[in-house]
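2 protein chains.
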Amino acid sequence: MERTHCGHIRTEHVDQKVKLKGWVQKRRDLGGLIFIDLRDRSGIVQTVFSPEHNEEALQVAEKLRSEYVVEIEGTVLKRDTSTINENMATGEVEVLVDGVTVVNESKALPIKVDDHKDLTEETRLKYRYLDLRREPMQETLILRHRTAQAIRHYLNSNDFLEMETPILTKSTPEGARDYLVPSRVNPGQFYALPQSPQIFKQLFMVSGFEKYYQITRCFRDEDLRADRQPEFTQVDIETSFLSQEEIMQMTEEMLQSVVKEVKGLDVTLPFPRLTYDEAMERYGSDKPDTRFGLELVNMSGVFQNSGFKVFKQAVESGGKVSAINVKGFADQYSRKDIDHLTEFVSVYGAKGLAWMKVDGESLTGPIAKFFEEEEEHSILEALNGESNDLLLFVADKPDVVAASLGALRSKLGKELNLIDESQFNFLWVTDWPLFEYDEDDGRYHAAHHPFTMPQTGDMNQLHEDPSNVKAKAYDVVLNGYELGGGSLRIYKKDMQEKMFEALGFSKEEAHDQFGFLLEALEFGAPPHGGIALGFDRLVMILAGKTNLRDTIAFPKTASASDLLTQAPSQVDQHQLEELYLQSIAKYEDNEG
Amino acid sequence: MERTHCGHIRTEHVDQKVKLKGWVQKRRDLGGLIFIDLRDRSGIVQTVFSPEHNEEALQVAEKLRSEYVVEIEGTVLKRDTSTINENMATGEVEVLVDGVTVVNESKALPIKVDDHKDLTEETRLKYRYLDLRREPMQETLILRHRTAQAIRHYLNSNDFLEMETPILTKSTPEGARDYLVPSRVNPGQFYALPQSPQIFKQLFMVSGFEKYYQITRCFRDEDLRADRQPEFTQVDIETSFLSQEEIMQMTEEMLQSVVKEVKGLDVTLPFPRLTYDEAMERYGSDKPDTRFGLELVNMSGVFQNSGFKVFKQAVESGGKVSAINVKGFADQYSRKDIDHLTEFVSVYGAKGLAWMKVDGESLTGPIAKFFEEEEEHSILEALNGESNDLLLFVADKPDVVAASLGALRSKLGKELNLIDESQFNFLWVTDWPLFEYDEDDGRYHAAHHPFTMPQTGDMNQLHEDPSNVKAKAYDVVLNGYELGGGSLRIYKKDMQEKMFEALGFSKEEAHDQFGFLLEALEFGAPPHGGIALGFDRLVMILAGKTNLRDTIAFPKTASASDLLTQAPSQVDQHQLEELYLQSIAKYEDNEG
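In order, the protein sequences belong to chains A and B.
The number in the numbering used here is simply the position in the first sequence, starting from 1, with 605 added.
The number in the numbering used here is simply the position in the second sequence, starting from 1, with 605 added.
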């Protein structure tokens, strides 16, 4: 007899013989009968063991425990109206058991499969194979599968070729820290695991493939935060001959079709767009969550001649003053509450958090006395201040204002339940700075990567005024997460050389590390550009999760360990010798 | 104006304005006109620059060289009947150029794109991005893309979930040599790159996912041969509750649908099946190419009382005699030719290659005199000997007979042009030995891997008579290549423990290395099994190639190097220090 899947049995199967294979989800003994909820990937069905129908099967059933693997043959029956379970897809039927075989037993589980209570993450990761039996994890990984296929479906239909790039690649000093792989055949030499297939995908364009994609693993040996993993999956895309506009459109269409295919929801195109400068000004963030308001308002104009010196001086000294109007919540914030907010913004460098409340048409609070009627009026007008609004101000250097009020906005949005969790708010952030200044080593770094096309036609500006050069780069943001980033790439050798120079590479260094790319740009490289999306993060948001680890089958902990297999681990000395390596970890231990 | 793809232009587009973007494939100057063959991924179209139509464009065209990237606007014309090129898809049309822009220039290429002559592999790999511009490489990588999608299409339609497993995993001593990745966060510890996702896919089964697949990268740090790469791509499949028969059927259907989708060819199901013992007996190979005959015939019965002592003694001492009838080619093999064949088989350990020719109904050759008429008759009958047949014999230990005649069969099949290259001969080899004896370290190893289910129900046999235990394992063979292998897996803890014991693991070693798997088998592990297919090899055969490197975009050389990016390479000392490592490669150099 062919196997029937538990979750697929319906009233139309009544009176049919079925053969089921699966796990004992639950056993109940009731009035001489035994009920076993049998589970397979498709779902759960109730089976009934009756002494009158089959005494032998009942005796086996008495020995069944949770998570035993069994094969059951039986007949589908319609349940009595009184026992129909409307919460189960198979709730109108049950299977009267003719025979049962125990295929494998199970010890008592350290993780209950049908219990959705929060378990410690350590237990979940140690017994990941059991954690993955739980419905939320099954659902998430199935959604992950469907998301990958939806992406492929769109890209395949649009003439993209899925092509593979090496995992054993060359280490380059730019970007994050590489994972290294010692070579046995080439003593003293190392491969690096790729941080992204960036250069290879550009070379595919030089090869004339025009439209490439790959859903691929990337690696960064960085200190981990909650939303980072040492290995992560990236949807990597590159195209030739397309404008920035066309690449953004293609990306939007792809994401629209993915959300439709996976969630059944409609996303409106085009996505809203903000320049980087606008995003920082209005949201204090380069990845704003637009599912709620609380926008930052630049008050520098209002306060340039303010009676409140702190504000006036901030503006005069090249800083700015911005504010958030926490609309209608003034009565919910005590002085002590506001002290906590002040503490919160101080982490982001803000020297203080000024505040006022609106009472009728007046401002109240410790600093209200500094504002004459006219200025009070301007403040209320600029912030659309109404009674019971709480107004929060930071006066500082522009980046401190953005960082502190941006973080405060996010915090308040969550605290005050202003976020509509059902929304998928996509957004583009464009016109990024090409460089960012690194205070630590006193030089400019590529904000995106060194292959990003500058917006300037005047390449001398790269040297003379780097901080004001914008890039042909664009990030796609979803619900406050950076979902992905892309850019047009430099496709002429001389421009790429000038770029390396601006980043402080000597000619020799540029040639040593990227000589093959520079050479490739001399052989008819087409204009090209692309985007890379964080696949784990996309799945996380689509699944309504907040932790990347819940979207990855076998993730690593914050110390980059796999608690299940105990990786990384010590290896045999001869393995190191074959690689011409010696561990100095023990010396460190002794001295440390 | 929207871009039109060069290769798509047909007579139906005549009189339409088009905008083309692509590469100059070829330029010809003829009677005051300039003809540029313009190429993009879709193909090639001829464009015409005429002084009467547009003098300015013609002047630009004069500067165009091969592989310049250009944008062209023009009008589609029907060619004169006399100039139609039937070898081009666009051969009935040409584009009269209104305007042309040089987008990027190109130096003269070290690899000609339209020249299919064999280049040195070194040049091809160093300039891989140019090698990939060549039509054969474009076609192969497009076929690779289509093969991957065809596999996914079949598996997705059959309820398989594509799920990812880690690349940073745990090193285990079984199997091939691991690539190691030093951990920075965990000093003195190492990850290993996976040789296959074997254990993770089994854990997915323990998790209840029932049907898993992944097209994933695997790694082996072995000394490379022509058909090996340090990283390779595997189609990895695992199922629960299916019998060996069902898994084989599913695999056959998948391969049938892939060949249909990619090549448009019909493959007959079921695939022929041979046991391992039959394959060795009849083809001297565990991956026989059945596109030609030249089967090995076991002559031990015929020769057990032979007048030729060499044969008789071989049989008596536990060896065997087998023969190949090279039908109808006796007159093409001189003594010297046969001496070469003797040399050839000696590499495989054969002490000699006996031979006779059939002349009429008699045997000729140096050993013919040892056979009386009756024995001569038996030989001719057993080998279906007819005039002008060449009969080749090896008498030796069974494994030497198989290895030497198996290799000889392959060599003769190629040499004599007996192989129909258009055929796709799939084949199953089943009933593999569970163990193989390793003479070097004097113990048994798992022939497949330590998780393979033995055919014996009597687990004591694992210890008492390991060499005769067969495995529930099956290989799929295509045209003489091992395309993939699979097995049912052990799903009970006690059996897995006995297996480790038979492989010489102490209890402690088994627990240290595979404790998590043993534990997982105690929590309701379902019966499961699967298969893994070599994706690069499948693509190679489908593309009609004989070198794996021709199917991989950026392959490594035989010394595991990437000639393009120069990986592996030396890294900064501080990178090693962060990993608590010291290279001793230099000391080795000094001493070596």
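It cannot be assumed that every hint is accurate.
Which copy? The list can't say, so a pair holds if one copy fits it or any two copies do.
List of simulated lysine-lysine pairs, DSS-like, C-alpha gap at most 27 Å [what the hints assert, rightly or not]:
#1 Lys1103 with Lys731
#2 Lys1097 with Lys624
#3 Lys731 with Lys917
Because the hints were derived from the structure by calculation, they are not lab data.
### Query
So which of the earlier hints does this model not fit?
3
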